[in-house]
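Protein chains: 2
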Amino acid sequence: MADYILAKYISKHLNKEVTLKGWIYNIRKSGKIWFLIFRDGTEFIQCVVLKNEVTEKIFDLKSTLTQESSISVTGIVQEAPRQDIGYELLVKDIEVIHIAEEYPIALKDHGVDFLMDKRHLWLRSKAPFAIMKIRAEIEQASRDFFNERDFTLVDSPMFTPNAAEGSTTLFETKYFDRKAYLTQSGQLYSEAAVMALNRTYCFGPCFRAEKSKTRRHLTEFWMIEPEMAFFDIHDDMDLAEEFVNYLIQHALKNCRRELEILGRDISKLEGVKTPFPRITYDEALEILREKDYKIEWGEDFGAPQETAIAEEFDSPVMIWRWPATLKAFYMKRDPEDERYVLGVDMIAPEGHGEIIGGSQREEDINVLLKRIEKEKLPKEDFEWFLDIRRYGSVPHSGFGLGLERTIGWICGTHHIRECIPWPRTMVRLKP
Amino acid sequence: MADYILAKYISKHLNKEVTLKGWIYNIRKSGKIWFLIFRDGTEFIQCVVLKNEVTEKIFDLKSTLTQESSISVTGIVQEAPRQDIGYELLVKDIEVIHIAEEYPIALKDHGVDFLMDKRHLWLRSKAPFAIMKIRAEIEQASRDFFNERDFTLVDSPMFTPNAAEGSTTLFETKYFDRKAYLTQSGQLYSEAAVMALNRTYCFGPCFRAEKSKTRRHLTEFWMIEPEMAFFDIHDDMDLAEEFVNYLIQHALKNCRRELEILGRDISKLEGVKTPFPRITYDEALEILREKDYKIEWGEDFGAPQETAIAEEFDSPVMIWRWPATLKAFYMKRDPEDERYVLGVDMIAPEGHGEIIGGSQREEDINVLLKRIEKEKLPKEDFEWFLDIRRYGSVPHSGFGLGLERTIGWICGTHHIRECIPWPRTMVRLKP
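Heads up: the sequence lines are chains A and B, in that order. Taking this note's numbering, the leading residue of the first sequence gets 38, the next gets one more, and so forth. Taking this note's numbering, the leading residue of the second sequence gets 38, the next gets one more, and so forth.
Careful, some of the hints might be misleading.
Where chains are identical, the list cannot tell them apart; a pair therefore holds if satisfied intra-copy or between any two copies.
Said to hold, decoys possible - EDC-like mimics (lysine to aspartate or glutamate), calculated; alpha carbons at most 20 Å apart, straight line:
1) 45 / 187
2) 129 / 97
3) 170 / 181
4) 290 / 185
5) 467 / 417
6) 94 / 272
No wet-lab data here; the hints were simulated from the structure.
Take the sequences, apply the hints, and build the full model.
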């Protein structure tokens with residue numbers, strides 16, 4: 038009996054007989070020869086069925102096998118320079134496992150809504166397959182990056198006890214006889230954790246009940262959030278730049294096949310170089326005004342403004358030193374000018390928008406108390422967070438990178454819903 | 038100026054002057070010498086302050102520095118065979134960053150409830166520090182194990198559209214104008230994913246609104262769930278065994294310092310050997326009856342029964358071939374006897390209970406439809422799941438490993454709430 042192998046290892050078995058188990062992606066027929074495009078979830082392989090190489094029963098399978106039927110196929114691995122992967126299988130035997138009913142997804146264009154309704158099947162198609170492979174690579178590369186740099190993974194909680202920041206975008210859950218809220222960010226917890234473990238990251242789902250249907254929003258998304266004791270805003274920006282560059286170089290090195298499947302213009306990713314440009318909010322305003330945007334000091338940037346700024350650069354651009362009024366209460370004030378905070382946003386090229394938000398955190402309890410009072414936040418809910426500043430307060434910083442937006446940029450995907458296996462949006466909760 | 042280093046790297050700087058930044062874990066005074074137990078979240082280091090080696094101002098800090106005050110300390114790295122890590126610091130200079138208020142956690146015993154209320158501070162203590170380090174190691178080892186074996190990470194969704202299995206332990210969330218439920222397991226989604234990617238795993242938070250206050254329950258816990266196309270129940274058990282053994286060997290190799298901090302009896306972990314015992318449910322019944330448990334065929338095992346069975350073995354024991362009535366509708370019936378399903382539970386030694394539940398999945402749509410009908414499950418909610426059996430159904434299997442229970446076993450922790458940074462139970466939602 039031939040060895041059962043995964044299709045991705047086919048090149049290691051040249052001229053040998055192997056068995057593959059998987060599904061039929063497509064069939065092309067032509068008289069005394071037919072071609073079966075086979076996939077097993079690790080690779081797509083062309084299998085050649087010749088009339089004089091198989092029994093009549095096997096040859097006649099061409100009329101019974103349907104798209105997505107499952108089979109076990111045995112054959113000889115041959116070189117095939119015209120195939121993407123350089124190899125094909127000369128079929129000796131086919132064992133049918135299950136004949137698929139008429140498959141709803143043809144190899145032609147469907148609308149994305151239809152495909153998302155069939156997400157459990159659509160994942161089998163080439164483009165979603167490639168995006169999921171890249172997603173898995175980027176997730177592991179993110180962990181490797183922080184693991185290699187003395188960070189300890191500290192998972193933040195999903196259930197949080199109060200709507201402390203009073204946000205309207207919180208999901209509320211019945212929690213026995215009270216209410217809980219789903220986390221929007223692990224940052225406050227990570228601030229406590231770095232006082233115990235120095236450098237930490239959390240990486241898990243976050244939830245935002247945003248009533249926006251833009252191509253950059255999901256109600257459930259994954260975020261990687263490093264936090265570092267004894268880092269100031271410049272250390273923070275250095276790390277963010279090193280991290281994002283690491284991900285891009287990793288994708289260029291390890292995901293070339295998947296990027297080709299997606300038809301991604303790889304030269305755009307190859308154009309990313311460190312150091313990334315760093316401009317202040319005030320400098321960003323000047324760029325916008327030169328481009329005829331009417332915008333006042335203190336106004337936030339929307340997607341069009343972000344894209345307009347990003348267009349000026351080939352690499353992601355970091356915008357830092359923001360008006361305090363635009364940013365969260367925990368950001369450290371700029372000691373040189375109280376109107377600003379030491380926060381930073383990183384904007385991806387090609388219109389993919391903000392992928393990182395970060396800051397140096399306010400470590401002075403008195404400044405923090407004033408901010409909490411001024412913003413009318415419920416002080417009692419923050420007592421544990423204030424404890425971090427009562428017992429050995431130290432300078433510290435961190436940031437959060439949105440996974441799906443980053444993958445959207447790497448893959449050149451228009452809508453980030455394609456960058457998560459089971460997207461959840463305001464209008465989508467299935468399958 | 039001396040180089041700033043993380044304390045864990047102290048051994049690389051013997052006889053050199055270095056600067057550490059961190060917190061005061063403890064101070065011991067004795068006339069012309071005082072000792073500062075310093076921690077920076079990467080290691081605990083004894084720092085020696087000698088009257089004739091520092092200025093009077095530095096020497097007198099012994100009366101102003103409090104527990105958990107933050108400092109920057111500069112000194113010479115010396116060998117110190119009597120210290121755990123073999124090195125200490127001869128202090129030359131101390132810069133005070135922040136004097137801590139009176140710290141609520143003394144180096145004496147507190148009740149766990151008090152410590153959990155102060156979880157954001159308690160993480161700084163030695164035992165929680167060690168457990169968090171082990172948790173991070175085990176999480177990465179889990180990912181490495183599957184990444185090295187051709188598995189693709191496919192994150193399952195947190196929001197699910199319906200209470201399909203009709204469970205009373207689901208958390209319900211307002212989702213715009215409807216309801217959503219928080220995931221209890223990614224399995225059904227992984228079954229769809231393996232048809233696209235062959236071998237997948239998901240690893241994320243799961244939620245169970247269990248009204249139990251036992252030492253083995255959390256409302257929010259992390260689970261790692263591999264799923265494999267073309268694996269039968271025996272392949273599934275082989276993989277589960279290889280995986281758990283990998284985690285134990287990894288902990289023994291990489292977490293020895295942390296296990297020593299916890300006072301763990303390492304010989305118990307060293308006693309774990311493959312192959313793990315595999316017994317059927319019927320054989321487990323016999324063991325229980327020999328131990329005078331009154332139990333009928335078809336009854337489930339509780340914690341005492343699990344512990345009684347586990348006591349018979351040094352390694353985890355796999356119990357398989359369960360009465361179908363005890364297990365979920367998606368488990369494959371034993372072709373040799375319809376009263377059984379091809380499910381497996383793995384029970385950890387030393388009373389740590391079930392750490393794995395898995396099964397071969399039913400791939401025959403007609404059998405599955407009968408189960409759905411018999412259990413009065415809403416068929417329309419499972420249409421997408423049934424699609425997996427309509428289009429190229431194949432044999433497949435998988436399992437789920439509970440992260441906190443596994444860490445509890447490795448660390449020898451009594452209650453699994455200590456094995457997650459921010460535990461959530463029926464009675465705890467803070468901090």
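Quiz item: Is it within a copy, between copies, both, or neither that the alpha carbon of residue 290 lies no farther than 20 Å from that of residue 185?
Solution: For residue 290 and residue 185, both the intra-copy (18 Å) and inter-copy (18 Å) Cα distances are at most 20 Å.
Quiz item: Between the shortest in-copy and the shortest cross-copy C-alpha distance, which are at most 20 Å for residue 170 and residue 181: within, between, both, or neither?
Solution: Both: 17 Å inside a copy, 16 Å across copies.
Quiz item: From the Cα coordinates, with 20 Å as the cut-off, is the pair residue 45 and residue 187 best called within, between, both, or neither?
Solution: Between copies, since 9 Å is at most 20 Å while 34 Å is not.
Practice problem: Pop the pair residue 467 and residue 417 into one bin, within, between, both or neither, using alpha-carbon distances up to 20 Å. | Solution: between (39 Å within a copy, 12 Å between copies)
Quiz item: Is it within a copy, between copies, both, or neither that the alpha carbon of residue 94 lies no farther than 20 Å from that of residue 272?
Solution: Neither. Shortest intra-copy (68 Å) and inter-copy (31 Å) distances fail the 20 Å Cα cut-off.
Exercise. Evaluate residue 129 and residue 97 at a C-alpha cut-off of 20 Å and name the case that applies: within, between, both or neither.
Key: within (13 Å within a copy, 86 Å between copies)
When the structure is compared with the earlier hints, a violation turns up for hint 6 alone.
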